[in-house]
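Participant: Residue numbers (our numbering), protein chains in the order written: chain A, 1 to 41; chain B, 1 to 617.
One or more of the hints may lead you astray.
[Unchecked claim] Across the chosen pairs, the derived CB separations fall in these ranges:
id, chain 1, residue 1, chain 2, residue 2, range
1, A, L23, B, M407, 19 to 27 Å
2, A, S2, B, G322, 54 to 62 Å
3, A, L23, B, A387, 44 to 52 Å
4, A, L23, B, I164, 51 to 59 Å
Because the hints were derived from the structure by calculation, they are not lab data. Even glycine gets a Cβ: it sits at the ideal position worked out from N, Cα and C.
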Amino acid sequence: MSKLTVWIAAITGSILFFYFLDLLIMKAYFGAALGLNLFPR
Amino acid sequence: MQKKRFAVGVLLILILLHLVPLIPVSADLALAQEGQAVASAEGAPSKATFSAPKLKPEDYPSFGWVSSREAVWVAAQLHLFFGAFVLAVPIFVLVFEGIGITTKDERYDHIAHEIMKVSMTAFSFTALSGGLLTFFLITLYPDFTKYLMRLFQPTVIFYVLAFIAEALFCYTYYYSWDALRYGTKKWIHLTLGLLLNVSGMTILFIANAWTGFMMTPVGVDAAGTPVSDTVWAVIRNPLWNPLNLHRFIANLAYGGAIVGAYAAYKFLSSATPEEKAHYDWMGYTANLIAISTLLPLPFAGYILMAEIYAYSQQMGITAMGGIFAWLFIVQAVLIGAIFLGANYYLWCGMEKISGAERYSPAIKYIGAVIIVAFLVWLTPHTIIMTAMEMMKIGGSHSALLGPLGIMPAKNTAANTLILFTFLSFFLYRRANKAPTVPWVKTGTIIMTAFFAIAWINIILLGIYGYLVPTAYKVRSSVPQVIATLSVIFFLTVLDIIMHRKAKSLGPIQWGKMPPRSQYALAILAVSFTWLMALMGYIRSGIRQHWHIYTIMRDASPDAYTPTIAHAVLISTIVTVIFLALVIFCFWIAQISTVKQAPIPQIAGASESHGRKHEDLS
Chain A
1 MSKLTVWIAA ITGSILFFYF LDLLIMKAYF GAALGLNLFP R
Chain B
1 MQKKRFAVGV LLILILLHLV PLIPVSADLA LAQEGQAVAS AEGAPSKATF SAPKLKPEDY
61 PSFGWVSSRE AVWVAAQLHL FFGAFVLAVP IFVLVFEGIG ITTKDERYDH IAHEIMKVSM
121 TAFSFTALSG GLLTFFLITL YPDFTKYLMR LFQPTVIFYV LAFIAEALFC YTYYYSWDAL
181 RYGTKKWIHL TLGLLLNVSG MTILFIANAW TGFMMTPVGV DAAGTPVSDT VWAVIRNPLW
241 NPLNLHRFIA NLAYGGAIVG AYAAYKFLSS ATPEEKAHYD WMGYTANLIA ISTLLPLPFA
301 GYILMAEIYA YSQQMGITAM GGIFAWLFIV QAVLIGAIFL GANYYLWCGM EKISGAERYS
361 PAIKYIGAVI IVAFLVWLTP HTIIMTAMEM MKIGGSHSAL LGPLGIMPAK NTAANTLILF
421 TFLSFFLYRR ANKAPTVPWV KTGTIIMTAF FAIAWINIIL LGIYGYLVPT AYKVRSSVPQ
481 VIATLSVIFF LTVLDIIMHR KAKSLGPIQW GKMPPRSQYA LAILAVSFTW LMALMGYIRS
541 GIRQHWHIYT IMRDASPDAY TPTIAHAVLI STIVTVIFLA LVIFCFWIAQ ISTVKQAPIP
601 QIAGASESHG RKHEDLS
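When you get a sec, could you build the whole thing from the sequences and use the hints?
Facilitator: See the structure below:
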């Protein structure tokens, strides 16, 4: 695997990781669609 | 074999003894679950027969020559400083002792024993300042103290019992150190340390219930009458667990900072290279504890503030958007000083590590990012200005810097500070190692990409915060925090795997530290102490004219919010008193190692009189 391929794979992987992380948390906060509430009242 | 059985027996007895105070709690809880019928049937007086007293100014005794509020303020803050220190020290002393056993590295055991020695004098000061606080509370605020203690009645007894247990375990733990040094006996010693920590945590959690209740009371009606016969109803107030979490982490950070200052004090006064090496290593370890526990602290603080806002928006806004807001700017400056100091200490430390020169070019960039993040964090949004100043700026807040005053910018700055301080630690840790695994380049690329994308993600989430309504603006800080934690976790794990069987690039030359690095350690201790005094004042002060928020009104002549300048003055005075006493603790620990030479009875006595020599054995 060339150095460039590793860079592309690492950047793509990291972007996907943080994209889904943000989506999961913000989605949960926006509409509680996933039933996740970190500070329940 | 018999010895082992004996040891196990002693351990079991110790653990069982410690459970004794918990039995009445369980009974109390069981009673509560079964309902209140039992108590009523026996004719036991119900708690619901009293309410919060409605006081008048003449109900408050006064010393006359000193403000009651300030007397309690100073005593409480001093008690909190010492309490935080002596509760934190046994936690990491126990961890060091455990590491010493597993790694068989005697240095850990020595450092643990020495730190414990420093905390022994501090333990006495904790008790003294606690006694002073109790005396002031009973003398100056008798009705309030009586009401609160009655409301929390069984817990007050447990508090005292836990304190007695703490004293017993503390002295046994310290003085049996050499007697229980090896083999099975060492495990008995560790158990004593564990029981010491259990007592300390019990004290902390009980006191937090009282403090939390004063701010976010539950389990009582509007008149302050308990609505339940169980004390649990008032203990489990909204701030109890946030305070438990925040104070637990903060105590560790604080304890680390004070021990760091002790190491710096000893380093600067050391004469031999061996001593310098020992205290350099101690300072590094203490700094590691202080900063690694400081990193999650803003998140615990966030939960605490979120709960305050959730309980009373008015209280939350008073803290962060009202009269106390200026103190948050002071807080930002002090936290910035802590981060800068800690990073500076690490950068100085890299000079003594062979191989660290590989990372030297990166330091200036890390420094630049930290300073920019620091500046963003301390930029105020709206400040109180004269008409002339307003004209010069062109409004109530600067058109250019104003946007940096709101939460998305602050959250981005805080996460950036944490991320780059972690980077300094990360580089320091791996400075003298060269990994030998075949995937070094791939691993480095993955780590670099993950770090960079995480930072970009944090910045983008900050920008996103400007584009959405306020509710989502605050919420976008959660994925920012998770991104920071992901980096810390992922990079640490990957780096540990990568550096298995790593080649050493040379030993770390402990003791070869410039003296200026030690002043950075001292700054950490001073900033932590000052910060605790100021932020503690805000936390307590946002109750304003209430002893117990919305339940029991403060009718004393001191029931007003002092000016920021006055509050800072009192906080500074307490900080100075505490630091002077801490230096006294350091001096006591030092003088206990000094032996005076015997005075010869013959001529020449004057020459040797008073001469000292260090007993380093």
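Participant: Evaluate each hint against the coordinates.
Facilitator: Status of each hint after checking the structure:
{"no.": "1", "hint": "A/L23 <-> B/M407: 19 to 27 Å", "result": "21 Å, holds"}
{"no.": "2", "hint": "A/S2 <-> B/G322: 54 to 62 Å", "result": "58 Å, holds"}
{"no.": "3", "hint": "A/L23 <-> B/A387: 44 to 52 Å", "result": "48 Å, holds"}
{"no.": "4", "hint": "A/L23 <-> B/I164: 51 to 59 Å", "result": "53 Å, holds"}
Violated hints are absent here; each numbered hint is respected by the structure.
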